[in-house]
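A.B. asks: Spelled out from the first residue to the last, the chains are:
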Amino acid sequence: MSRKPYIREVPKTSWFFRQPRYMRYMAREVTCIFIGAYALLLVVAVKRLAQGPDAFQGFLDALHSPLGVLFNLAVLVAAVYHSTSWFNVTPQAMPIQRGEEFVPGKMIVGAHYAAWAVVSLIVLIWGV
Amino acid sequence: MAKSNKPIVWGLFAAGGTVTAFVTPALALITLFAAMRFSPGMFTYEHLHAFAANWLGKLIIFGVIMLSLWHAAHRLRVTVHDFGVRSDLVVATIVYMIAAIGTVSAIFSLLSIR
Chain A
1 MSRKPYIREV PKTSWFFRQP RYMRYMAREV TCIFIGAYAL LLVVAVKRLA QGPDAFQGFL
61 DALHSPLGVL FNLAVLVAAV YHSTSWFNVT PQAMPIQRGE EFVPGKMIVG AHYAAWAVVS
121 LIVLIWGV
Chain B
129 MAKSNKPIVW GLFAAGGTVT AFVTPALALI TLFAAMRFSP GMFTYEHLHA FAANWLGKLI
189 IFGVIMLSLW HAAHRLRVTV HDFGVRSDLV VATIVYMIAA IGTVSAIFSL LSIR
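Protein sequences, first through last, are from chains A and B.
Under my numbering, residues 1 to 128 are what the first sequence spells out, in order.
Under my numbering, residues 129 to 242 are what the second sequence spells out, in order.
Please keep in mind that the hints were generated in silico from the structure rather than gathered at the bench.
Nothing false has been slipped in among the hints.
Chain B regions said to be covered by chain A (calculated; three or more residues, Cβ under 8 Å):
hint : stretch
1    : 150–162
2    : 188–194
3    : 206–218
4    : 228–234
Cβ pair distances, simulated, as ranges:
hint : chain 1 : residue 1 : chain 2 : residue 2 : range
5    : B       : L184      : A       : E9        : 53 to 59 Å
6    : A       : A74       : B       : W138      : 22 to 28 Å
7    : B       : F166      : A       : V89       : 30 to 36 Å
8    : B       : V218      : A       : F102      : 38 to 44 Å
9    : B       : R214      : A       : M107      : 40 to 46 Å
10   : A       : F17       : B       : H175      : 44 to 50 Å
11   : A       : W15       : B       : L184      : 43 to 49 Å
12   : A       : F17       : B       : E174      : 46 to 52 Å
All C-beta atoms in this analysis are idealised placements derived from N, C-alpha and C, irrespective of residue type, glycine included.
Let the hints inform the model, and build the full structure from the sequences given.
C.D. replies: See the structure below:
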């Protein structure tokens with residue numbers, strides 16, 4: 001045991017400003033705040049839906065505000081960033097082997113983007 | 129403590145990350161349109177109530193909400209640590225508590241829609 005162990009100075013709260021790679025990591029992680037806030041909005045929406053037409057109309061009226069538009073816009077941006085960052089690492093998260101060869105990463109990512117497009121289309125046709 | 133709850137929360141995080149990656153952008157676009165009063169009539173009480181009255185609709189809504197909540201809770205726990213907060217037990221208790229309350233609230237709301 002050395003008496004003066006080397007301890008690298010790392011700023012606890014601002015370490016991720018040092019490198020673009022760390023910034024991208026933090027941006028990816030911070031999307032969860034928007035995903036979570038949006039899930040809570042859905043919890044409220046379902047609650048108002050259960051309370052009846054008037055309560056749900058009140059929810060829609062509250063949503064129809066500059067803050068409501070801004071919030072949904074922010075969630076949309078964060079959610080798209082979450083999707084792309086999530087799908088781009090799928091070859092590392094679940095490599096697929098066919099015989100001796102691994103399926104190329106581009107194919108796995110591409111398949112996810114294609115499925116994302118199909119699912120989005122279905123959801124939009126259902127909800128708009 | 130011999131047992132760890134890590135597989136459970138990590139499983140929910142991974143499942144939630146996948147589900148939200150597929151559906152949340154489109155859902156946010158729908159509610160953005162609704163917030164802008166730009167919905168040609170589908171994001172209405174009648175349409176959504178009919179969807180939630182069906183058991184399959186209930187299951188889909190529950191799955192999306194529950195997985196979104198637990199995905200965000202687990203990732204927020206780690207992110208708060210990355211921002212320099214080291215009291216993990218307090219943070220974990222708060223974020224998982226919020227996710228649990230949201231999950232239970234969604235269950236009660238959905239069950240009362242007939």
